[in-house]
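Here's the letter readout for the chains.
2 protein chains.
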Amino acid sequence: MDYGLLMSNVERTLGGRKLTQQDLLYESLRRAILDGAIRHGSRLLASRALAEQLGIARNSVLYAYERLTEEGFIDASRHGSIVKRVSGADAAAAASASGRLQAVDGGLSVRVTDLPRERTSPDDPTPFRPGVPALDEFPLAQWRASMERAWRTIEPEELGYGNNSGHPALRRSIAEYVRVSRGVRCSAEQVFITAGTQASLDLCACMFADAGDSVWVEDPGYHGAKAAFQAAGLKLVPIPVDAAGIAPTPDHWKRTPPRLLYLTPSHQYPLGSVLSLERRGSIIENAVAHGAWIIEDDYDSELRHNGPPLPSIQGLVEHAPVIYLGTFSKTMFPALRMAFMIVPAHLVAQVDDTLSEIARQGRVAEQIALADFIDSGKYARHLRRMRRLYQQRRTALVDAIERHMGDLMTVSSDGGGMHLTVRLDAPLRDQDVSAATGAQGLHIAALSAFCQPPARDAAHYNGFMLGYARVKPQDADALVARLASVVRGML
Amino acid sequence: MDYGLLMSNVERTLGGRKLTQQDLLYESLRRAILDGAIRHGSRLLASRALAEQLGIARNSVLYAYERLTEEGFIDASRHGSIVKRVSGADAAAAASASGRLQAVDGGLSVRVTDLPRERTSPDDPTPFRPGVPALDEFPLAQWRASMERAWRTIEPEELGYGNNSGHPALRRSIAEYVRVSRGVRCSAEQVFITAGTQASLDLCACMFADAGDSVWVEDPGYHGAKAAFQAAGLKLVPIPVDAAGIAPTPDHWKRTPPRLLYLTPSHQYPLGSVLSLERRGSIIENAVAHGAWIIEDDYDSELRHNGPPLPSIQGLVEHAPVIYLGTFSKTMFPALRMAFMIVPAHLVAQVDDTLSEIARQGRVAEQIALADFIDSGKYARHLRRMRRLYQQRRTALVDAIERHMGDLMTVSSDGGGMHLTVRLDAPLRDQDVSAATGAQGLHIAALSAFCQPPARDAAHYNGFMLGYARVKPQDADALVARLASVVRGML
Numbered sequence: 003m004d005y006g007l008l009m010s011n012v013e014r015t016l017g018g019r020k021l022t023q024q025d026l027l028y029e030s031l032r033r034a035i036l037d038g039a040i041r042h043g044s045r046l047l048a049s050r051a052l053a054e055q056l057g058i059a060r061n062s063v064l065y066a067y068e069r070l071t072e073e074g075f076i077d078a079s080r081h082g083s084i085v086k087r088v089s090g091a092d093a094a095a096a097a098s099a100s101g102r103l104q105a106v107d108g109g110l111s112v113r114v115t116d117l118p119r120e121r122t123s124p125d126d127p128t129p130f131r132p133g134v135p136a137l138d139e140f141p142l143a144q145w146r147a148s149m150e151r152a153w154r155t156i157e158p159e160e161l162g163y164g165n166n167s168g169h170p171a172l173r174r175s176i177a178e179y180v181r182v183s184r185g186v187r188c189s190a191e192q193v194f195i196t197a198g199t200q201a202s203l204d205l206c207a208c209m210f211a212d213a214g215d216s217v218w219v220e221d222p223g224y225h226g227a228k229a230a231f232q233a234a235g236l237k238l239v240p241i242p243v244d245a246a247g248i249a250p251t252p253d254h255w256k257r258t259p260p261r262l263l264y265l266t267p268s269h270q271y272p273l274g275s276v277l278s279l280e281r282r283g284s285i286i287e288n289a290v291a292h293g294a295w296i297i298e299d300d301y302d303s304e305l306r307h308n309g310p311p312l313p314s315i316q317g318l319v320e321h322a323p324v325i326y327l328g329t330f331s332k333t334m335f336p337a338l339r340m341a342f343m344i345v346p347a348h349l350v351a352q353v354d355d356t357l358s359e360i361a362r363q364g365r366v367a368e369q370i371a372l373a374d375f376i377d378s379g380k381y382a383r384h385l386r387r388m389r390r391l392y393q394q395r396r397t398a399l400v401d402a403i404e405r406h407m408g409d410l411m412t413v414s415s416d417g418g419g420m421h422l423t424v425r426l427d428a429p430l431r432d433q434d435v436s437a438a439t440g441a442q443g444l445h446i447a448a449l450s451a452f453c454q455p456p457a458r459d460a461a462h463y464n465g466f467m468l469g470y471a472r473v474k475p476q477d478a479d480a481l482v483a484r485l486a487s488v489v490r491g492m493l
Numbered sequence: 003m004d005y006g007l008l009m010s011n012v013e014r015t016l017g018g019r020k021l022t023q024q025d026l027l028y029e030s031l032r033r034a035i036l037d038g039a040i041r042h043g044s045r046l047l048a049s050r051a052l053a054e055q056l057g058i059a060r061n062s063v064l065y066a067y068e069r070l071t072e073e074g075f076i077d078a079s080r081h082g083s084i085v086k087r088v089s090g091a092d093a094a095a096a097a098s099a100s101g102r103l104q105a106v107d108g109g110l111s112v113r114v115t116d117l118p119r120e121r122t123s124p125d126d127p128t129p130f131r132p133g134v135p136a137l138d139e140f141p142l143a144q145w146r147a148s149m150e151r152a153w154r155t156i157e158p159e160e161l162g163y164g165n166n167s168g169h170p171a172l173r174r175s176i177a178e179y180v181r182v183s184r185g186v187r188c189s190a191e192q193v194f195i196t197a198g199t200q201a202s203l204d205l206c207a208c209m210f211a212d213a214g215d216s217v218w219v220e221d222p223g224y225h226g227a228k229a230a231f232q233a234a235g236l237k238l239v240p241i242p243v244d245a246a247g248i249a250p251t252p253d254h255w256k257r258t259p260p261r262l263l264y265l266t267p268s269h270q271y272p273l274g275s276v277l278s279l280e281r282r283g284s285i286i287e288n289a290v291a292h293g294a295w296i297i298e299d300d301y302d303s304e305l306r307h308n309g310p311p312l313p314s315i316q317g318l319v320e321h322a323p324v325i326y327l328g329t330f331s332k333t334m335f336p337a338l339r340m341a342f343m344i345v346p347a348h349l350v351a352q353v354d355d356t357l358s359e360i361a362r363q364g365r366v367a368e369q370i371a372l373a374d375f376i377d378s379g380k381y382a383r384h385l386r387r388m389r390r391l392y393q394q395r396r397t398a399l400v401d402a403i404e405r406h407m408g409d410l411m412t413v414s415s416d417g418g419g420m421h422l423t424v425r426l427d428a429p430l431r432d433q434d435v436s437a438a439t440g441a442q443g444l445h446i447a448a449l450s451a452f453c454q455p456p457a458r459d460a461a462h463y464n465g466f467m468l469g470y471a472r473v474k475p476q477d478a479d480a481l482v483a484r485l486a487s488v489v490r491g492m493l
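Protein sequences appear in the order of chains A and B. Start counting at 1 in the first sequence, then tack on 2, and there's your number in my numbering. Start counting at 1 in the second sequence, then tack on 2, and there's your number in my numbering.
There may be inaccurate statements among the hints.
Pairs count within a copy or across copies, as identical chains cannot be separated in the list.
[To be verified] Taking lysine-lysine and the DSBU-like style, the derived pairs with C-alpha atoms no more than 35 Å apart in a straight line are:
1) Lys474 x Lys380
2) Lys256 x Lys237
3) Lys86 x Lys20
4) Lys20 x Lys237
5) Lys474 x Lys20
Hint data in this document are derived by calculation from the structure and do not stem from the laboratory. Remember, predicted model here, so these are calculated numbers, not experimental data.
Produce the entire structure from the sequences given, and follow the hints as far as they go.
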């Protein structure tokens with residue numbers, strides 16, 4: 003062992019501060035023992051000799067030896083300091099070398115290994131990527147001011163885990179808002195704040211279903227929901243979607259009755275259809291008969307441009323077995339990580355009790371700021387502005403599609419949210435087109451890829467989902483012209 | 003139908019703005035139809051007549067009728083506007099009235115219905131509640147400044163979903179910090195930011211185990227971990243803990259081999275023991291042999307007062323099958339909701355890929371602010387201050403216990419973190435004492451209640467866990483005197 007080299011490979015600072023000589027020596031010796039540079043059974047240099055050799059105080063050496071002794075790395079006796087054997091090291095090294103760690107431990111769980119996977123990240127800067135709002139139009143200065151105000155009002159004792167159900171002020175603001183804007187029947191107690199729709203879905207899957215239970219998902223449908231349900235150990239049952247939304251047959255109810263139904267009734271993801279009133283009623287009726295829960299994901303209904311959306315299923319009938327999910331990711335911004343679920347009144351106490359065991363809320367400043375943003379009218383004002391802006395962007399995109407690709411594609415969704423759906427009329431497969439445009443930096447999501455399992459030949463769903471939130475009207479024409487030239491090149 | 007009363011029961015504002023007459027009328031009619039005040043099959047008043055009766059513009063009535071027609075609530079024909087039947091309402095009402103909703107849907111899932119439950123909320127203001135730091139000692143003004151600085155540097159495009167693994171700056175700061183302070187072997191890529199240890203545990207359970215797999219938990223052990231594992235559908239296997247930490251026998255390994263082992267080796271929760279080096283090695287060896295993962299929850303090791311804690315299991319041997327969990331809830335404040343997991347290098351790509359499907363990160367300002375807080379040395383400075391402060395509080399509490407209850411209890415944990423453990427020497431059961439002191443507003447957690455299932459007669463674990471983070475030295479004596487008088491009253 004070359005003691006001179008000992009202290010050369012160890013980091014010398016901790017959180018901006020220099021380590022002391024004794025800490026450095028301790029850490030160096032510990033590493034050398036663990037890495038086998040000092041072998042077990044060997045004797046360490048006497049403290050005085052080591053201090054001299056390293057040119058440090060003897061007390062520093064004594065400290066390091068004592069700590070290593072206490073921690074069980076060395077045996078100190080009259081005969082000197084003998085390095086002990088740390089079991090486990092050989093086993094781990096052998097397993098790693100033989101590839102056994104990768105083979106045995108290395109695999110993640112089955113449930114996450116075959117998750118339905120999306121090709122692109124939600125933050126992918128490609129212009130037609132759906133799901134992210136026009137962030138450069140968000141009134142950031144106003145929000146910053148709300149946050150600063152919130153932080154100034156917070157008392158130290160509010161920095162704890164916080165109310166697991168959410169801050170009372172925010173729950174109240176949301177309840178008032180959705181009662182009017184979405185026809186939801188609820189009191190503030192029924193509103194539970196979560197860290198985003200993904201978190202809401204995780205909680206729903208765990209609180210309302212057991213591993214092995216069936217959940218109906220729209221087919222084609224939202225990847226994030228399918229991933230959450232699969233991660234919770236549920237069994238996905240894909241149900242076809244048509245122009246009037248999800249279309250279960252009596253046979254579906256009979257043969258594969260669900261414990262949960264996941265629906266995007268206001269603006270089906272990805273097809274854009276609106277679930278008809280008749281189907282809403284029939285689904286409620288059947289859900290009640292089968293003891294199933296409806297999860298109503300109302301992710302972007304606030305952003306409808308042609309008049310208001312059909313009110314929520316939750317509010318359609320009293321006592322409907324519905325958990326209503328809303329989010330501020332589309333209407334505010336995704337990094338906020340603020341969403342909510344609204345549960346039936348008779349479950350409030352149980353959900354509250356359960357959340358206090360499995361969830362932690364915190365984030366009090368963000369919740370106070372958001373409540374203030376809503377109550378002061380800034381939220382409604384921002385929404386009105388964004389609705390107009392998205393309508394303009396949608397119109398520009400539709401015009402460009404009709405101009406450049408009217409013979410190849412037909413816009414098939416109605417006018418809401420931040421994305422539209424087109425049917426591919428040319429004799430091509432959507433996933434091939436998606437790959438080709440993606441290679442040109444213009445990814446457009448193929449509808450058949452949202453099927454469960456992804457269908458390469460789903461003639462029904464041969465088309466694309468195009469986000470337009472980030473496509474400025476003046477850019478639409480050039481972008482679509484580029485898309486068109488890729489598609490024509492394939493014919 | 004009294005049309006005059008129609009609009010009196012509907013909310014008139016939305017997000018701070020007054021609703022228009024036409025929206026109000028639409029909403030009022032819709033509610034009346036859904037609630038049965040206007041029966042299905044009945045004919046609405048002609049638009050002109052209704053406008054006159056309500057004293058509003060006829061266009062407002064036409065708008066409301068048209069929207070109701072579009073949405074399927076009424077049928078408009080030459081014969082007038084006929085209210086349609088909304089199915090589902092009768093079924094839901096009947097189910098609710100008969101209590102069937104509560105019976106069939108009402109129950110939450112089995113996995114959450116019998117969660118191990120704690121009696122008190124983590125924010126419970128009772129002085130001995132463990133887990134919440136001395137919030138009034140947190141340098142709130144400094145943190146506020148870090149947050150404001152972070153918000154000023156953020157560009158709109160950073161408001162998206164963000165890197166699912168965490169902000170690179172924060173991952174780097176944490177990796178540097180734990181390498182030195184905890185002997186963790188890692189690069190920044192192995193660090194994944196989460197929204198708190200509860201979220202880390204949820205992710206570990208889902209990514210590293212399937213429903214039905216076994217997880218070893220310390221007995222007695224941490225409620226939050228047990229809840230997370232049970233919610234993920236795992237099977238809990240309690241393993242006894244003694245003065246040297248978790249103590250599995252060869253029989254445990256043989257008969258109930260785990261997929262996951264949940265450990266609090268630096269400061270066992272709740273007993274306070276430190277897992278010996280020998281056991282660490284043996285557990286690694288066995289975990290490798292059985293293809294099991296060790297989850298090392300290092301929740302409060304930064305707050306040791308008598309010298310630094312034993313370095314992490316993660317860093318003990320190379321390639322150890324360990325997922326290391328850290329949190330800022332104890333060292334900063336719980337409402338921050340910021341924690342991390344450090345996974346083995348060979349799993350980085352898979353975990354990254356999985357998180358992008360099942361988790362959303364966001365919260366970019368908080369992450370930038372925290373990285374700044376660490377890198378600038380404020381974090382280390384705050385920790386040093388808190389260590390001194392907690393040591394003083396612990397000493398004052400131990401003194402008071404020995405003074406007032408030396409004959410009844412013995413302090414049995416060593417000196418770290420924010421809580422201590424005492425053994426009850428008097429012939430009483432800890433849960434009875436806990437109930438009695440709780441009734442006097444002085445809840446102290448009974449150790450036997452941390453057993454799985456909670457054991458009322460676990461002679462081994464007859465004692466209490468007392469948090470002292472919020473017990474000022476000058477208050478300790480009076481509080482313990484009150485505790486003592488309750489306990490003596492029971493003898």
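For each hint, the structure was consulted:
1. Lys474 x Lys380: Within. Shortest intra-copy distance 24 Å satisfies the 35 Å Cα cut-off; inter-copy 43 Å does not.
2. Lys256 x Lys237: both (16 Å within a copy, 32 Å between copies)
3. Lys86 x Lys20: within (30 Å within a copy, 77 Å between copies)
4. Lys20 x Lys237: So Lys20 and Lys237 fail the 35 Å test inside a copy (54 Å) and across (46 Å) alike.
5. Lys474 x Lys20: Between copies only: 32 Å across, 51 Å inside.
Of the numbered hints listed earlier, the single one contradicted by the structure is hint 4.
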